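Colleague: Residue numbers (numbering that gives the first Met the number 0), protein chains in the order written: chain A, 0 to 80; chain B, 0 to 253.
By construction, these hints were calculated from the structure, which means they are not laboratory data.
If the Cβ cut is set under 10 angstroms, some of the chain B residues that face chain A in the computed set are:
| # | residue |
| --- | --- |
| 1 | P44 |
| 2 | V98 |
| 3 | F102 |
| 4 | I108 |
| 5 | W113 |
| 6 | P116 |
| 7 | L214 |
| 8 | R224 |
| 9 | L228 |
| 10 | L240 |
Just so it is clear, the structure is predicted and the values come from calculations on it, not from any experiment.
Even for Gly, the Cβ is constructed at its ideal location relative to N, Cα and C.
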Amino acid sequence: MQFDSFSAFINMGGYGFYVWLSFGVSTALILALIVSSMMAHKQVIKDIAVRQQREAKLRQVRSKHKQNKNPQTNKPNEITQ
Amino acid sequence: MWKWLHPYANPEVSYHFTGKLIPWLSALTALFLAIGIIWALAFAPADYQQGDSFRIFYLHVPAASLSMGIYVGMAIAAFTSMVWQFKLADASAAAMAPVGAVFTTIALITGAAWGKPMWGTWWIWDARLTSELILLFLYLGVIALHNAFEDKNLAGKAAGILTLVGVINIPIIKYSVEWWNTLHQGSTVSKLGKPSMSIDMLWPFLFCFLGFALLVATIICIRFRSEILARNSIRPWVRTLVAEHLLQEKNNAV
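Next up, chain A with everything else stripped away, as it sits in the complex (with noise of 0.2 angstroms):
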């Protein structure tokens, strides 16, 4: 140990703003990171789930919408295509 007290290691030989301030800045940003990194996972999976939510639903009114339409109109959209 280096230091022989708490408020000599708190300190620093007289540097103790610049040291405290460098490990307090880093840690910050780290931490930022980690956890930005972390929720940004979850966003990804959330985004994904709620576009496969809205595409099924599509795909739920756009088959109802053909049963009911279809055999009316005459004019089945499949053909032009």
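Got chain A; can you put chain B on it based on the hints?
Modeller: Chain B in isolation, oriented as in the chain A frame:
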């Protein structure tokens, strides 16, 4: 000879492989960083000229060398993606850019916090400092390009070109202290064979360096997995994965 590598080029295999790596990497990171930082702050001897302010170097030097190392990794990934159209390389390059930007910022801030008491100024337009600042802007440009296009292939190509052009900056940073008469000191640790640092200062440095390198690897793995999912969202394996995830969340809620 390199056939064993093939399955890892598959996004699904890579996703699960990195998923298995992350717990080990993060445990090793915690171990090495805890030992390294405590050793550096409390047990390493103070420098005979710089006193305790030199403890900043246990952050500054690993952050600065990793900021360059990540850039080189990103450039290799960009090159691979451009030449061999290897999609996963784009995902890994996109995962590396924000990590590199954070470590460049740390290198600049810790350098400034050391420069104030030692040089008497927070900032000086010295070759080493300026080229490192340019590295930060390159990282920010690469991040911006990755997010600028809806089409991730196009985004990867644009960001890759910027990455490869920016490689010119890496030797400039590395050799700036030799080519120009700068205020920044030359290298202490990486003199091959015989570092000009006493052994009881060097050991905590090695622990810190390895700890930060492992931390970088962990965060890149986490981000790489998100990039894989975002780029493969219509693949069946991602669909089942997301569905399972939703089911699990629903069960937890109940």
